[in-house]
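There are 2 protein chains.
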Amino acid sequence: MAKEIKYKGRFIEVIDDDTWEYVSRVNGQYAVSICALTNNNEIILVEQFRVPIQSNVIENPAGLVGDVDENESALESAKRELLEETGYESDNWKELYITCPSAGITNEKSVKYLATNCRKVGKGGGVEGENITMHLVPLKSLQSWVERKKKIGVMVDAGIFSALYFYEKQRGLEVN
Amino acid sequence: MAKEIKYKGRFIEVIDDDTWEYVSRVNGQYAVSICALTNNNEIILVEQFRVPIQSNVIENPAGLVGDVDENESALESAKRELLEETGYESDNWKELYITCPSAGITNEKSVKYLATNCRKVGKGGGVEGENITMHLVPLKSLQSWVERKKKIGVMVDAGIFSALYFYEKQRGLEVN
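Which chain is which? The protein sequence lines are V and E, in order.
Using the numbering used here, the first residue of the first sequence is number 1, and each one after it goes up by one.
Using the numbering used here, the first residue of the second sequence is number 1001, and each one after it goes up by one.
Take these hints with a grain of salt, some might be off.
[Claimed, not checked] The list that follows gives simulated cross-link-like pairs (lysine-lysine, DSS-like), each with its CA atoms no further than 30 Å apart:
(1) Lys-94(V) to Lys-1008(E)
(2) Lys-1006(E) to Lys-1109(E)
(3) Lys-8(V) to Lys-1123(E)
(4) Lys-6(V) to Lys-1123(E)
[Stated by the list, open to error] Coverage of chain V stretches by chain E, computed from C-beta distances (three or more under 8 Å per stretch; other residues unrestricted):
(5) 7–14
(6) 135–141
[As the list claims (entries may be wrong)] Covered by chain V, per the in silico footprint, the following chain E stretches (three or more residues, Cβ under 8 Å):
(7) 1006–1013
(8) 1033–1047
(9) 1067–1081
(10) 1132–1138
Just so you know, the hints here were simulated from the structure itself, not pulled from any lab data.
The beta carbon of each residue, even a glycine, is placed where N, CA and C say it ideally should be.
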């Protein structure tokens, strides 16, 4: 059986490929996500209500490439999203990896960037229709902070930890 | 506008909730995923062709709770999946966290377990219809191993790193 679009909505479509059903973004967009750190060893996280999860979720700042301007590169999107959502910017960007966060149910791919030496230059909070709270969390107390958030019913996207694993390995390599 | 099911397939359905479209598993199943380690500081990973990604993907061993027996607990599912996919078992299990891997497009939730002291007791490779290759990778060379896999076109689910961040923090705490 060939690949068939079983449903096409405004934002997502369902594809049936032989025996497998999965979801795709209608316009084929991929995501960018930023592990953003300050010079004070703090990580910049965002919290927002996520309709699919029906609760607030803590995540890295993130967005879709080409959401505003279709000619925008992945890195340009990442810089724009970081500024819009958190009010921070950085001159130190590095692509860490491309991941497929849920390969069984969606073809979504996401590029993870590391932005260091981030500095506050704006208000953040997201664009129109977004309601985003920014958190500045010292890395050394991240796990206890996450535990406190969980206790009040906030979900955490563990993707925030995968980038930190890379960051700490890299820092370890620089030191050794 | 109320929540509305816009499409219902064999395995997944599309929900429109006010202004947001997202995908859900038809039977509301959630996932389990295992960061499985041996006494020799090796991580047990699986590689399989993922239809949505259209390439091989490296992941933690994983599966759906209640896929075989609807009364199965999350921990029982995790133990079964580890054994089926890799041939390993463990007596040391710990729940690390519940995550929402892609909160913008799916309501999927996944429980991540840490299984230490894993020992080989079976063949692995998955059940009928699955074609899973098991990899035993020393933690100290994980990043270079991943880079080599990427160079030959294999995708990596960065979820394998988030659990390791927890594991290494925990080990650090035990040592200090």
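Index of numbered hints that the structure contradicts, given in increasing order: Numbers 1, 3, 4, 6, 8, 9, 10 - these are the hints that the structure violates, sorted from lowest upward.
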